[in-house]
Amino acid sequence: MRIIIFILVSIWVCLGYSQNKETLYDFTDLPQSLMLNPGANINFDYHAGVPFLSQFHINAGLKGASVYDVFADDGRDINDKIENTLNTLTSNDYLTLTQQLELISFGWKSKKNEKIYFSGGIYQELDVIGYFPKDFAVLAYQGNQDFLNQPFRFSTINGSAELLTTYHFGYTKKINKKLTFGARVKLYSSMFHIRSAKNKGTFTTVETPEGNNVYQHVISNVDVTVRTSGYASMEDAEGKEITNKLIRRAFLGGNLGLGVDIGFTHKINEQLVITGSANDLGVILYAKDVATYRAQGNYVFEGFEMPVQFSEQDSQNFIDELKEAIPLDTLSKAYVTMRPLKLNTSIRYSFNRYDDGTCDCYIEGEKPPYLDAIGIQLFTQFRPKKPQYAVSLFYYKRFFNFLRTKLTYTIDDYSYYNIGFLTSIHINKINFYISANNLLEYTKLAKVRGSSVQLGFNIIMR
Amino acid sequence: MKKKNNHVLLCVLCILVQSISCIKDVDFDQIEDVTLTPIYEVDFVHSRFDTNQFVGFNIDPAISIPEVIVNDTLSYDLLGTDFVVDNLDRIELTFEFSNTIERDFEFDFGFLNADEQRIGSLYSMIANSGNGEGTKPVIITKVVILDNSEIDILRDATKLFASVRLQNVNSSLQGILELKSKGTYFFNYEL
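In order, the protein sequence lines correspond to chains A and B.
Counted from 1, the first sequence has number 188 at position 49 by the working numbering; the numbering is strictly sequential.
Counted from 1, the second sequence has number 94 at position 40 by the working numbering; the numbering is strictly sequential.
Because the hints were derived from the structure by calculation, they are not lab data.
Mixed in with the good hints there might be a few duds.
Derived DSS-like pairs (lysine-lysine); straight-line CA-CA distance at most 30 Å [what the hints assert, rightly or not]: (1) A:K313 - A:K248; (2) B:K236 - A:K273; (3) B:K236 - A:K462; (4) A:K472 - A:K325; (5) B:K213 - A:K339; (6) A:K462 - B:K213.
Where chain A lies over chain B, by a calculated footprint (3+ residues, C-beta under 8 Å) [to be verified]: (7) 82–89; (8) 94–103; (9) 236–244.
If we take Cβ atoms under 10 Å as the criterion, some of the chain A residues that face chain B in the derived model are [said to hold, decoys possible]: (10) G350; (11) E380; (12) I381; (13) N383; (14) I386; (15) F443.
What you are looking at is a predicted structure, and each value in this text was computed from that prediction instead of being measured.
All residues carry an ideal CB built from backbone N, CA and C; glycine is no exception.
Isolated chain A, as found in the complex (with noise of 0.2 Å):
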């Protein structure tokens, strides 16, 4: 137990929330940017990236609160700073963490029409997202003595997990002076997923001064399912037997789905642009080495009538009462989830053109590049609860040929303070970037409540 406490903490606070890639979005010296928008406004010949190192992407975020709230050295007692955190949090308040590594990524400027440009790869996700099950950690933390005819709602209990990775080919067509267009094609291949949303239902421990005992417990209208996918074969499996398995379902032996993104870059000046793009756009179809657990029903335990022979009824067998009222499925029956979405958009200023002729900055023929921009991103997840949102208003800044940056501030649900940078060297065709976000925060990382790292390697021909 403790072990795994210190892992999720770890997690928490070495990594770094949702999916959102603020620095990265439209940031088109990189070919990342495709991955974000396959509408993306790039200027490159071909590109590559390194295998397996072109693209790691973590983020991790807890909304509600953080672990400076828990684990302070202030001197107080742990278990009252325990206590004071359950009851701030609240059953919206989530935990996330995702995690991308790019396998293969590479793409080309179409021979045919210098005006297409293709792109490729694969890249292996994990993608958690938990709710705070409030009413039920109270129940485990304090119990229900203080919370007599209170109800713990079975719907505070939602989360997802998936392990995927994903095959994806995407075509960006500049289609005027104006107006750029891309689309790309995604093949999921889900080596795990387990998900729990939608359950109804209470147990409420309810004060009986006039009935047969001191209390009744009821457990009213419970609707409680757990659907996985990948898991059932896994419960019996041992180390390298589960490392063949994931392996192979990586390889198109999983789960498969299907998606899209889509996404354009308009120019409305020379100066001027918006973007918009929705990635995941997409199903998997979970059929393969599926179990799914549900449990529904009402039960009322007021303790055991004895002797029996007072009422002349059988005797009372808890647990066999308990199965019969609230039986617990298991269903394989195939399931369909759709793809978490994700939409962003942004509008730009593009000012301060390099134009005093030394520069090498750009290619030859075209016009010379800003140097600056500044303008607004907005980015929306869809959750198994509801969307998550965040507002960046973002600064470029292209200091040399080599150096590329941008700093943005963003608000979201867990912060309306973050600021990111982004650093992008460009040596000859060897680029390297590093990116992270929530650095105001830095030093105090422990305050943080949610943070998200990227880097990676691309060789880019211009």
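Knowing the structure of chain A, use the given hints to seat chain B on it.
Structure of chain B alone, referenced to chain A:
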């Protein structure tokens, strides 16, 4: 040359800012001190003894039955799992008798293992005599505390037995004895 060095310095600085972070003012060793102390209220046993159900009206009131004993045993896994046994601080069993029958009742209960052998103590209590049918019931509350050592002894309990006994019963005896009870489980779980 100097300009180039500045560029390199700028790049290194940008990367460093994004790579270095530290966690101050937190102490993860505090996890050693985390103790969960939930308290659960759970119904225990209940019964309702109405003399009408046991003594026929047509029996001559002069005929007295010296002693009536009612026994019962039921499957009852008091502690469930080793986790519960190892992390339970104590259990308080609270019994409330409400009696209008003009007799004292003796209520005994205990626990049996899978071989039907009693383990732990035999717990006895008296529900004092009431004042007859239609009167205000006499209410007696008893608390039995099962401490750590008793809980450990009851680790293998799988059944609960109970008996109710009363003496000198005849058909003129009227009234109701009600028993309500609950267990308060005090946990103390250190991570």
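Status of the hints after comparison with the structure:
For the given pair, K313 (chain A) sits about 11 Å from K248 (chain A) by alpha-carbon distance, which is consistent with the 30 Å threshold. A C-alpha spacing of about 26 Å is found between K236 (chain B) and K273 (chain A), which places the hinted pair at or below 30 Å, so the restraint holds. For the hint pairing K236 (chain B) with K462 (chain A), the CA-to-CA distance comes to about 23 Å; that is within 30 Å, so the pair holds. Of the pairs offered as hints, the one joining K472 (chain A) and K325 (chain A) holds, with about 25 Å between alpha carbons and a cut-off of 30 Å not exceeded.
Of the supplied pair hints, the one linking K213 (chain B) and K339 (chain A) is violated, its CA atoms being roughly 34 Å apart against a limit of 30 Å. Restraint check for K462 (chain A) and K213 (chain B): the C-alpha separation of about 19 Å stays at or below 30 Å, so the hint holds. Residue count for the stretch 82–89 of chain B with a Cβ under 8 Å from a Cβ of chain A: 6. That meets the three needed, and the coverage hint holds. For the stretch 94–103 of chain B, the assignment as covered by chain A holds, since 10 residues bring a beta-carbon within under 8 Å of that chain's beta-carbons and 3 suffice.
Counting residues of the stretch 236–244 of chain B whose CB lies closer than 8 Å to any CB of chain A gives 4, which reaches the minimum of 3, so the coverage claim holds. The interface hint given for G350 (chain A) is met, as the beta carbon of that residue sits about 8 Å from the closest beta carbon of chain B, less than 10 Å. Given hint, E380 (chain A) at the interface with chain B, is violated; its Cβ is 29 Å from that chain's nearest Cβ, farther than 10 Å. Interface restraint check for I381 (chain A): the shortest CB-CB distance to chain B comes to about 26 Å, outside 10 Å, so the restraint is violated.
A least Cβ separation of about 33 Å between N383 (chain A) and chain B goes past the 10 Å threshold, and the interface hint is therefore violated. Because the smallest distance between the Cβ of I386 (chain A) and any Cβ of chain B comes to about 31 Å, over 10 Å, the interface hint for this residue is violated. This hint holds: F443 (chain A) has a C-beta 5 Å from the nearest C-beta of chain B, less than the 10 Å allowed.
Violated hints, listed in ascending order, are 5, 11, 12, 13 and 14; each of the other numbered hints is respected by the structure.
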